[in-house]
Each structure stands twice: as structure tokens, then as C-alpha cells.
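Below, each chain spelled out in residue letters.
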Amino acid sequence: MLAAACALALLWLLGSGFAAGVTASAFTVWHYLALLALTVLFARALARCGAFIGDATVSSIVVTIAALLGLFIFFPVGKALLAAVLDNQGRFAPGLAAERLLAPDIWGLGCFGGGTQCGVAINSVLLATIVGFGTTLIGLVMALAAQRGGQRFSGLYRVMAVLPIVTPPFVIALALVVLFGRTGLITGWLDTLFGIPRTRWIYGLTGVTLAQLLSFTPIAFMILSGALAAVSPSLEEAAQTLRASRARVFRTVTWPLLRPALANSFLLGFVESLADFGNPVVLAGNYEVLSTKIFFAVAGAQHEPGRAAALATVLLLFTLVAFWLQQRWLGKASYVSVSGKGDTGLPAPLPDGMRKACVGFAVAWVVFTLACYAVILVGGFVKDIGRGDMTPVIAHFRDGFGIEWRDGAPAFTGSAWDSFFTTVQVAAIAAPLTAAIGLLAAYVITRQQFAGRGAFEFLTMVAFAVPGTVIGVAYIVAFNVPPIELTGGLAILILCFVFRNMPVGVRAGIAALAQIDKSLDEASATLRASTWRTLTQVVLPLLKPAIVATLIFSFTHAMTAVSAVIFLATAKYNLATVYIIGRVEAGEYPLAIAYSTVLIVFMLAVVLLLQRFTGSVRIGRRTPAELVTGH
Amino acid sequence: MNNPTGGVVFDQVSKRYGNVTAVDNVSFTIEGATLVTLLGPSGCGKTTTLRMVAGLEAITSGRVLIGGQDVSRRSAAERDVSMVFQSYALFPHMNVLENVSYGPQSDGTPRAQAEAMAADKLKMLGLSGMEKRLPSELSGGQQQRVAVARSLVLEPAVLLFDEPLSNLDAKLRRRVRQEIRELQQSLRLTVLYVTHDQEEALAVSDRIIVMDRGRIAQQGTPDELYERPASRFLADFIGDANLVDGEVVPQGGGLAFKANDFAAPVRVQGLQPGPATLALRPHQLQLRPPGDGMLQGRCLRSAYLGSRQELVVDTPWGELLVFDPVVRPRHEPGDAVGLAFDPGAAIVLPR
Chain A
1 MLAAACALAL LWLLGSGFAA GVTASAFTVW HYLALLALTV LFARALARCG AFIGDATVSS
61 IVVTIAALLG LFIFFPVGKA LLAAVLDNQG RFAPGLAAER LLAPDIWGLG CFGGGTQCGV
121 AINSVLLATI VGFGTTLIGL VMALAAQRGG QRFSGLYRVM AVLPIVTPPF VIALALVVLF
181 GRTGLITGWL DTLFGIPRTR WIYGLTGVTL AQLLSFTPIA FMILSGALAA VSPSLEEAAQ
241 TLRASRARVF RTVTWPLLRP ALANSFLLGF VESLADFGNP VVLAGNYEVL STKIFFAVAG
301 AQHEPGRAAA LATVLLLFTL VAFWLQQRWL GKASYVSVSG KGDTGLPAPL PDGMRKACVG
361 FAVAWVVFTL ACYAVILVGG FVKDIGRGDM TPVIAHFRDG FGIEWRDGAP AFTGSAWDSF
421 FTTVQVAAIA APLTAAIGLL AAYVITRQQF AGRGAFEFLT MVAFAVPGTV IGVAYIVAFN
481 VPPIELTGGL AILILCFVFR NMPVGVRAGI AALAQIDKSL DEASATLRAS TWRTLTQVVL
541 PLLKPAIVAT LIFSFTHAMT AVSAVIFLAT AKYNLATVYI IGRVEAGEYP LAIAYSTVLI
601 VFMLAVVLLL QRFTGSVRIG RRTPAELVTG H
Chain B
1 MNNPTGGVVF DQVSKRYGNV TAVDNVSFTI EGATLVTLLG PSGCGKTTTL RMVAGLEAIT
61 SGRVLIGGQD VSRRSAAERD VSMVFQSYAL FPHMNVLENV SYGPQSDGTP RAQAEAMAAD
121 KLKMLGLSGM EKRLPSELSG GQQQRVAVAR SLVLEPAVLL FDEPLSNLDA KLRRRVRQEI
181 RELQQSLRLT VLYVTHDQEE ALAVSDRIIV MDRGRIAQQG TPDELYERPA SRFLADFIGD
241 ANLVDGEVVP QGGGLAFKAN DFAAPVRVQG LQPGPATLAL RPHQLQLRPP GDGMLQGRCL
301 RSAYLGSRQE LVVDTPWGEL LVFDPVVRPR HEPGDAVGLA FDPGAAIVLP R
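Top line first, the protein sequences correspond to chains A and B. Numbers 1 to 631, taken from this note's numbering, label the letters of the first sequence in order. Numbers 1 to 351, taken from this note's numbering, label the letters of the second sequence in order.
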């Protein structure tokens with residue numbers, strides 16, 4: 001009865017808002033509060049009716065999160081996709097839609113025949129496939145070197161795990177331009193030393209591929225490193241005692257057990273490459289890819305929202321297929337160890353030649369990656385590294401981050417301060433919200449039984465498969481008219497980050513909760529604690545590592561994201577990355593590089609501080625030293 | 001099996017990790033066709049010792065001989081041993097037949113022949129019909145037998161077991177340990193077996209080597225270890241024991257053990273007067289009506305276990321645990337009782 005009443009009220013509020021259409025005034029804070037209150041009331045009423053085993057807390061969490069996801073992911077994305085089948089007057093136009101979706105500049109295969117260009121979709125998939133394979137291969141080599149190649153370079157590999165977290169996505173591309181561009185440092189040396197002519201080879205498929213390999217290999221490295229560490233050493237030992245040579249152990253035991261992680265790494269590299277905006281925007285040149293093409297369709301000279309929507313549909317389709325494949329294969333293919341107890345032992349050493357090759361390549365790759373960062377760090381302090389002018393100056397930092405003392409108070413006169421403060425503010429507000437919503441969702445998914453749990457989990461994860469560019473377009477399309485009018489404000493930036501990064505919180509939470517025995521919850525429940533008390537007094541303290549990880553992730557991602565917010569940032573609320581991209585497009589490389597340096601250093605400091613402040617919590621993993629002396 | 005006389009010789013072997021000595025100058029011999037158990041508490045070095053026989057840990061110093069050959073510098077793949085792991089370590093991505101035929105195929109045996117060998121061993125262990133199953137589709141006991149079949153198929157000179165029963169439930173554990181013992185005896189296998197469970201060790205072994213803090217504390221047959229433990233640690237570790245500190249004193253031409261002003265005669269060969277510890281097995285203490293010249297006490301707790309009563313009796317020698325095979329009449333807390341024991345069966349340890 002109550003449930004029905006609440007549902008009706010909700011429908012009426014939303015319905016009247018949308019029915020009034022563009023002419024009416026937008027929702028105010030009070031409308032949103034009323035919506036939230038009604039949603040929670042509706043959820044509690046559902047629980048009263050027996051849904052969610054009568055647990056009002058669980059019901060409120062599930063219904064509220066589902067409603068938020070619906071409003072801020074599915075509604076805008078759906079509305080944006082709908083734009084692909086509407087003409088400029090907003091009428092349904094299937095012919096136009098088909099024309100847009102099947103256009104030869106999307107699907108053209110000309111480049112294979114020779115001469116002419118391929119369509120953007122083909123370009124994107126080609127690039128993503130190369131990057132997926134490349135990152136997986138390099139990541140595997142590095143993981144093998146790090147886990148099985150001896151202790152010698154362990155510090156070097158660990159750097160690879162931290163760098164991508166604090167790096168805006170276009171930094172590598174910037175570094176590559178500085179090194180290999182027509183006036184680049186290495187290009188210059190090659191010209192003077194060997195007479196190799198200066199060309200623009202770095203712009204195009206080669207350059208973007210290289211930049212994406214450098215940017216995304218650390219992710220593959222972390223996935224495969226974890227998978228390699230999870231291969232039970234006793235399996236490899238068993239193979240050894242069964243007369244298998246090192247090569248045979250690797251081929252018949254280690255490799256097959258890694259296969260799910262390899263597939264996972266490939267798909268992730270594939271999706272990352274498709275969704276990447278920062279590297280192509282700097283380096284792609286004439287090689288057009290979906291993410292940049294969408295942006296220019298919206299922001300370029302010819303404003304074509306319908307075309308942008310069609311391109312976004314194609315991009316979303318690709319990432320959803322990859323995501324679906326990942327869920328489908330990997331859900332089943334992972335090998336759960338047969339018995340958890342007493343799995344000690346030492347991982348098998350690699351065959352000698354292979355070990356040397358892996359370590360050699362890994363070290364070279366890390367050095368190359370570090371060289372790119374070094375270029376960025378140095379670049380801010382010299383006159384114009386992009387043209388090889390290495391006169392040391394601090395002018396770029398003064399331009400961007402100058403502080404003057406006026407009337408006894410500091411005045412932030414640098415041109416970058418505004419965007420920097422906005423970015424920090426947005427990131428700082430979004431991070432705790434992301435962690436809270438993500439972990440709550442993870443808690444109900446792992447710990448509670450209710451109808452539709454699987455669907456709810458899928459719902460929370462699907463947001464992950466939506467590329468930033470698509471979200472950006474979707475928010476522009478959906479939230480620039482009443483009743484929900486948010487564009488141009490700070491709130492839309494925060495909301496964008498919260499709902500884009502939330503799946504990471506969910507994943508981290510699920511992983512952490514899987515390690516915390518469920519009997520702890522049950523013990524708490526039998527001691528008469530409510531769900532809420534169990535959550536706050538038992539589960540949360542044990543989740544500290546996951547909370548910290550999610551906070552760090554969402555904060556740094558909010559600081560470094562480009563693809564979605566480049567549509568949403570405005571002159572009033574500009575963001576650091578958008579500002580830097582603007583400088584790059586204007587050819588002001590030194591300021592862009594100096595700003596990137598500041599961002600990286602700032603985020604490193606925040607990450608280290610957060611880790612220091614919260615301490616690191618270890619749960620139940622034995623160190624190798626304990627392992628070998630045990631029993 | 002090819003070489004039932006060949007055993008294992010462990011010659012002054014040490015294993016150090018940095019400053020930590022996990023195994024300290026250990027020597028022992030395993031005769032062919034015998035089952036020897038390494039027994040000890042957690043962290044005593046028994047698993048490390050087993051892994052050094054397998055070739056999974058490098059030795060720091062000493063020699064390891066298998067079948068008379070020095071294999072100290074050979075890798076696990078080059079040694080004529082195979083191992084049943086505590087976690088069984090069945091390859092999760094291979095079915096039962098692929099798991100069991102893995103060893104011969106590593107050796108270069110053609111696939112068909114390797115699978116025939118595997119099928120033969122599976123049949124022997126009662127696993128026929130399971131060939132196509134994945135390890136995750138088997139019960140714990142079946143997984144354990146697949147692991148044994150996989151080790152047996154290579155017919156190794158030495159078979160190693162690392163706590164093979166620890167993932168089974170108590171009932172199954174008793175049955176499986178009998179099966180392992182029968183298999184070892186009927187195939188005349190040379191087996192080195194690691195466990196921390198003293199009852200399991202007593203039940204399956206020809207000889208037991210007890211380790212403590214990286215050294216051998218004592219080795220011998222099960223009855224030697226149980227009846228004549230060499231130290232306080234051993235008396236306490238193998239079976240239950242009431243340990244009483246006191247001294248051996250002359251009494252009426254013989255010797256007696258005296259503690260807290262009460263003395264009882266003991267007749268043990270080679271016993272000298274002086275400080276000593278008396279180890280009394282709970283079943284050696286017999287309940288009597290209280291009387292003079294007898295250890296007297298008061299029952300503190302009693303429990304009925306069907307086949308026996310377990311009592312804790314407060315005596316001048318401290319609180320003693322007593323197993324009484326007579327279950328009726330029941331002794332209640334507060335009852336006064338007398339305790340007697342056979343002076344010839346007493347275990348007196350130097351202190």
C-alpha cells in the first residue's frame with residue numbers, strides 16, 4: 001500500500017518534470033531531496049512487503065543505488081543514443097539513422113585495399129587490437145621478470161605500478177612529441193648525427209600505438225602480475241617432481257593457468273584503447289579514431305549531435321561487446337584452487353634463456369617509460385623542450401602558478417590556478433562519494449541474498465563499459481534542458497566522476513569482502529546487531545584497505561580524466577586536464593608540460609599522504625620468509 | 001619399486017635462510033621398502049627436510065643420496081622421487097587421466113602408453129570411471145587418491161608424502177592412512193612421510209624421526225618412541241604424559257622417585273640418583289581405594305567417554321590426568337582416590 005503510494009508519488013514528480021519539458025523551470029535542490037526521500041521510503045515499503053527478506057537497510061541501499069544509476073548512467077546514455085535516430089527537428093528518422101550508422105567514413109575498408117583511408121570504427125578497432133595484444137605481451141614479459149626474474153630490479157617494476165595512477169592520459173603522448181616530433185630531441189640528434197631526415201612519423205597510427213602501449217602496459221602488468229602470484233606454487237612443484245623440465249612446467253602448467261588473466265588483460269587493453277581520448281587528440285594526426293571524432297562532431301566547426309550520437313553508439317557497442325565477452329568467458333574460465341589449505345612452496349624458476357630475455361626487455365621498457373616521464377619533468381624547467389631549446393627558465397611555472405603578494409594577502413595570479421583549484425575541489429568531493437556508494441553496493445552484492453542480485457551487480461559494473469566520450473556526450477544531451485538541468489555547473493562534473501568511477505569501488509569492495517569471512521557478519525548478526533551496525537562496526541574497519549584504494553583511485557582519476565569532462569568543463573569551471581589539452585592545441589607545449597609536472601607531483605604527494613595517514617592493513621597473507629620456514 | 005633396496009641417505013644436511021637455520025646438521029637413513037615418518041611441531045623443519053629430499057629446496061651443506069647415488073645438486077625433475085602434496089596440487093585445468101599421465105609424458109613416454117600406465121594405477125586405487133573428470137568434480141578423498149596415483153605412476157625410488165591427510169575429515173583420515181600403509185607394504189615402496197599428528201605417525205610408520213627446532217630429537221620405532229622417550233619434549237609430544245619434576249633417591253635398597261615429600265619406587269635400568277622428571281602416561285595410572293603408601297588424591301573432574309573414564313586427580317605430585325578403563329562405578333568430583341603405577345614401566349628422564 002505504502003509502496004504503491006510512494007511509487008505513484010515518484011512517478012508523478014518525475015513525470016510532471018519531464019512533461020513540462022524545456023519550457024518549465026529546472027529541478028531545484030528541494031526537488032532532488034524529495035526524490036531521494038521518496039525513493040528511500042519506497043524501498044522501505046518494499047522491504048515491509050517482504051522484498052529483500054524484509055531488510056529495510058538492504059532495500060534502501062539497493063533501490064537508491066539502482067535509482068541513481070538509472071538517472072545518471074542509463075537515462076543520459078539512452079537519451080544520447082536516441083539522438084542517433086532523430087533528425088535535427090527531433091523527429092524519428094530511421095532512414096537518416098541508418099545512413100549515419102552505416103556511413104562509409106565509419107566502416108570503410110579502403111586502407112586494406114590500398115590508398116584511401118579506413119573508416120573511424122575500423123581504425124579504432126585496429127588500434128585497439130594492436131594495443132590489446134601489445135600491452136598483454138609486454139605486461140606478461142614484465143610480470144614474469146618481476147615475479148620470477150630475481151630481486152635485482154624489483155624497485156624498478158614497482159614504479160610501473162604507481163606511475164599510471166598519477167598520470168594524466170596525454171602525458172605520454174606529450175613526451176613522445178617532445179622526443180620524436182619533427183623538432184623533437186631524438187629526431188634532432190638523429191638528424192645531426194646520422195643525417196636521418198626529420199619527419200612527422202610519430203603522428204598517426206604508429207605514434208598513438210606507442211603512446212597507448214606506454215600508457216596501458218602498467219595495467220596489463222598489474223593484472224598479470226597478480227595472476228602469476230596467484231598460480232599456486234605447489235602446482236608447479238608437483239610438475240617438477242613429475243620430471244617436467246622448466247620449459248615443460250611453464251608450457252603445461254603456468255601458461256594454461258594464466259590464460260584467463262591473459263584474456264582479461266587483452267580485453268582491458270582493447271577497451272582502454274577504444275576509450276582513450278588524450279593520446280589520440282595529441283598524436284593521431286590524420287588517423288581518425290572514434291573518441292576524438294565524437295568530440296569534434298560536438299565541439300568542432302560543424303555541430304552535428306546526430307552524427308556524434310551515431311559514432312557514440314558504435315563505440316559503446318564495441319566496448320559493451322568486449323565487456324560482455326569478459327564477463328562471459330572469465331566468469332567460468334578462472335580456476336579456483338581445489339583446496340585452499342596448506343598451499344606453500346616456491347614458484348618455479350623460469351627457463352634460463354627466457355628469464356634473461358624477460359628481465360632484459362622489462363628493464364628496457366621501464367627505462368623507456370621513465371625517460372618519457374623525465375622529459376616531462378625536465379620540460380617544465382627549460383625554455384622550449386619541444387624545439388630543443390634547453391635554456392633553464394622558471395617562466396612557465398610563473399605563468400601557470402605565479403603567486404603575488406598584494407595588500408598582505410597572496411593573490412593567485414597564475415593562469416592555471418583556477419582550473420587547478422576546481423579540479424582539486426571536484427576530485428575531493430567526488431572521491432568519498434564514490435567510495436561510499438561503491439562499497440555499499442559491494443556489501444549488498446557479496447553479503448546479502450535478494451532477488452535480482454546478479455542483475456544488480458551487472459548494473460553496477462556496466463557503467464564501467466561506457467567510454468568517457470560517450471558519457472560526456474550523453475550528459476550534454478540529457479542534462480542541458482529542464483527538468484534536470486546541470487550543464488555548466490560544478491555538480492555535473494562531480495556526478496560524472498562519481499558514477500564513472502563507482503564500478504572500481506564496487507570491484508575493490510567485492511574483492512576485499514571476499515577475503516573477509518562471512519561468518520564474521522553472521523557472528524555479528526547472531527549477537528543481535530542490526531545490518532547497519534554489522535556494516536559500520538565489523539565490516540567497515542576490515543575494509544580499510546579497499547576504502548583507501550577506492551579513495552585514491554577516484555581522486556586521482558578525477559584529477560586525470562579527460563574524455564568525459566572535456567565536454568562538460570566550462571570557462572567558469574575549467575579542469576586541469578582540459579586546460580592542458582587547450583594549451584597543447586594552441587601549441588603552448590612548455591606550459592602544458594609544466595602543468596603536467598605539477599599535477600603528477602601533487603597526486604604523488606596525495607597518494608603517499610593518504611597511504612601514510614591511513615596506514616596499510618595486511619590481512620592474512622604470509623610473507624615468503626614465513627612460507628619457507630613454515631611447518 | 002625398481003630398486004626396493006635403495007633408500008635415502010641424508011648426510012649432515014643443513015638448510016639456512018640468511019641467519020635462520022631451518023634444518024641443522026641432520027643425518028638419517030631410510031631403508032628400502034620402509035615407511036619413515038618425519039614428525040614434529042609446526043616450524044620444526046620437517047617439511048623443509050622433505051622438500052630437500054624432493055629437490056624442491058637446495059641444501060646449504062651436506063649430501064643427499066637416493067638409491068646410493070649422490071643427488072645433492074640435481075633438480076627435482078632429475079631425481080627419482082615423487083611427492084603427494086598437502087594441497088594435492090592436482091592440475092585444475094587437466095582431467096584425472098591427464099593429471100596421472102603427466103609424469104610419464106614428461107619422461108617422453110608416448111601418450112597412449114602413458115595413459116595406459118595411468119589407467120592401470122587409477123584402477124589399482126579404485127578410480128576407474130573417473131578418468132574424464134576435473135579435479136574440482138571429485139570429493140576430497142578421491143582427489144587425494146588421484147594425487148597418490150599420479151605419484152605412483154612413475155614408480156619412483158622414493159615416494160614423499162607431505163601431510164597427505166590434513167585436508168580430510170577425521171573418519172576418512174583413519175581409513176586413508178590404512179590404505180597408504182597397505183599400499184606401501186604390498187608394493188614394497190620406500191616412503192618418507194611428513195605429519196604433525198603423532199597418532200598418525202604411530203599408526204603408519206616403520207620408523208619415526210621426531211624433529212624439534214631444526215634438529216632430530218629422537219628416532220626409532222613407534223614403540224621405542226612411546227615407551228622410552230629420550231626427553232621431556234618427546235614424552236609430552238608423543239602421546240599424553242603427566243610430567244612431574246622431582247628427584248631419584250635411594251630407598252630400601254632400590255631407587256624411588258620423590259617429589260613434594262612423596263616417594264614411589266621405580267625400577268629402570270641404568271638409573272642414577274639425582275634430579276629427574278617422571279613421565280606418567282594417563283593409562284599407566286591405576287585407580288585404587290585410598291590406602292597407605294599410595295599416591296593419594298581427590299578427584300577434581302571426571303568425564304565419561306564410553307570406552308573409559310577420564311579423571312583429573314589433585315595429588316601431592318600435582319594435578320594428574322588418569323584414564324580408567326573401568327567405567328562403572330563413576331567417580332565423581334570430590335571422591336578420594338589412590339593411584340598406583342608399575343615401577344618397571346615408569347619413564348624417568350634426566351633433568
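It should be emphasised that the hints constitute simulated quantities derived from the structure, not laboratory data. Check before you lean on any hint, since a few could be wrong.
[Unchecked claim] So, partial list: chain B residues that the calculated Cβ filter (under 8 Å) puts toward chain A:
1) Ala-58
2) Gly-62
3) Leu-65
4) Gly-67
5) Ser-82
6) Met-83
7) Asn-95
8) Leu-97
9) Met-294
10) Phe-341
11) Gly-344
[Claimed, not checked] Chain B regions said to be covered by chain A (calculated; three or more residues, Cβ under 8 Å):
12) 101 to 113
13) 330 to 338
Built from N, CA and C at the ideal position, the CB exists for glycine as well.
Practice item. Hints the structure violates: just list their numbers, smallest first. Key: 1, 2, 3, 4, 7, 8, 9, 10, 11, 13
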